[in-house]
Amino acid sequence: MAALAEARHLSFWAENAAPIGLVVLVVVFSILSPTFLTLGNLTAMLVAGAILVILAVAQSFVITTGGIDLSISATMTIGAVGFGLAFRAGLPFWPAAAVALASATVIGLVNGLLIAKGKVTDFIATLGTLGVATGAALILTDGRPISVFSTELLTLTTGKIGFLPYPFLLAAVVAVLAWVVMFRTRYGLHVQAVGGSEEAAVANGVKAPRVRIAVYVWAAALAGLASLLLVARIGAAEPAINTTYLLNSIAAVVLGGVSLTGGRAKIVGPVLGALLLTALTNGLTLLAVSQFYQPLAVGLVVVLAALLTRYQKR
885 MAALAEARHL SFWAENAAPI GLVVLVVVFS ILSPTFLTLG NLTAMLVAGA ILVILAVAQS
945 FVITTGGIDL SISATMTIGA VGFGLAFRAG LPFWPAAAVA LASATVIGLV NGLLIAKGKV
1005 TDFIATLGTL GVATGAALIL TDGRPISVFS TELLTLTTGK IGFLPYPFLL AAVVAVLAWV
1065 VMFRTRYGLH VQAVGGSEEA AVANGVKAPR VRIAVYVWAA ALAGLASLLL VARIGAAEPA
1125 INTTYLLNSI AAVVLGGVSL TGGRAKIVGP VLGALLLTAL TNGLTLLAVS QFYQPLAVGL
1185 VVVLAALLTR YQKR
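Here the sequence shown is numbered in the numbering used here, starting from 885 and rising by one per residue.
Just to be clear, a hint being listed does not mean it is correct.
Listed below are the simulated EDC-like cross-link pairs for lysine to aspartate or glutamate, each with C-alpha atoms no more than 20 angstroms apart in a straight line [unchecked claim]:
hint, residue 1, residue 2
1, K1001, E1083
2, K1003, E1083
3, K1003, E1082
4, K1001, E1082
What follows is a list of derived Cβ distance ranges for each label pair [unchecked claim]:
hint, residue 1, residue 2, range
5, E1083, A928, 46 to 54 angstroms
6, N900, Y1071, 22 to 30 angstroms
7, V911, T1069, 35 to 43 angstroms
8, I1023, V1064, 33 to 41 angstroms
9, T919, A973, 39 to 47 angstroms
10, L993, N1126, 19 to 27 angstroms
11, I1023, Y1177, 33 to 41 angstroms
Don't read these hints as lab results, they were simulated from the structure.
Think of the CB as a built atom: it goes at the ideal place given N, C-alpha and C, for glycine as much as any other residue.
Produce the complete structure using the sequences and hints provided.
Here it is in structure tokens:
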């Protein structure tokens, strides 16, 4: 009986690690730093967190099927480079944005075909496309950033509705639509079914290969969308891969309570996990903690969350 009670207690913490952790961080950092809860800093956090929120949502769909996308940050970089090259060639913003989405989506399609049709494990397939995308980004740009300036990008990165910045509002729309797709559509149910038991899903008429291909394609498309926010934020298409986004996108999903073995879908949890990691990095920066310690702090938080997921109710 005592063991059961302890398991339930740990399950509660596993289910609610992201919201509880976020509240704790906000309270602690607001006490330690008087600027943490200022409007300017909150706005900066929402802008910074928007990219990670979108990537976490993308990763959530993949992980729900029992897979993982190690190429997601490289896919975002390919999208950014595609946008930069198109914009430099003279295309207006919207056609260049379409190039970014298409460039990223190609990576997702390759991932999906390798995994669903080629029967390559998700780890190897996405690790391979990570390498290909990394090399392609460097070759296409000669390893140099492509400076980009447009009024649309400026509006995207500085515009607000009330005190909410456009990047965060875009991420919020993505999260809401993802929730609807995951929990209110047949496709979302198929994603969960494939992750729970692919054999049972196929026996019930689910076309598992199509589901897996679509998951990787949509994840890549979202990475392409995130690439536009990244370009808008730094003012350039940077060919160097930022692996922090890869690690943190997986970390946000783990913190959000999504099982890495698949079949357990969540959207709100990973979104809160992304905001938690953003708040953690921001708070440590305000406290003048060396950036070398920040990955250590994130890693410890993720390891704790991963241990707690062992006790999640299924």
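Which of the listed hints are not met by the structure? none
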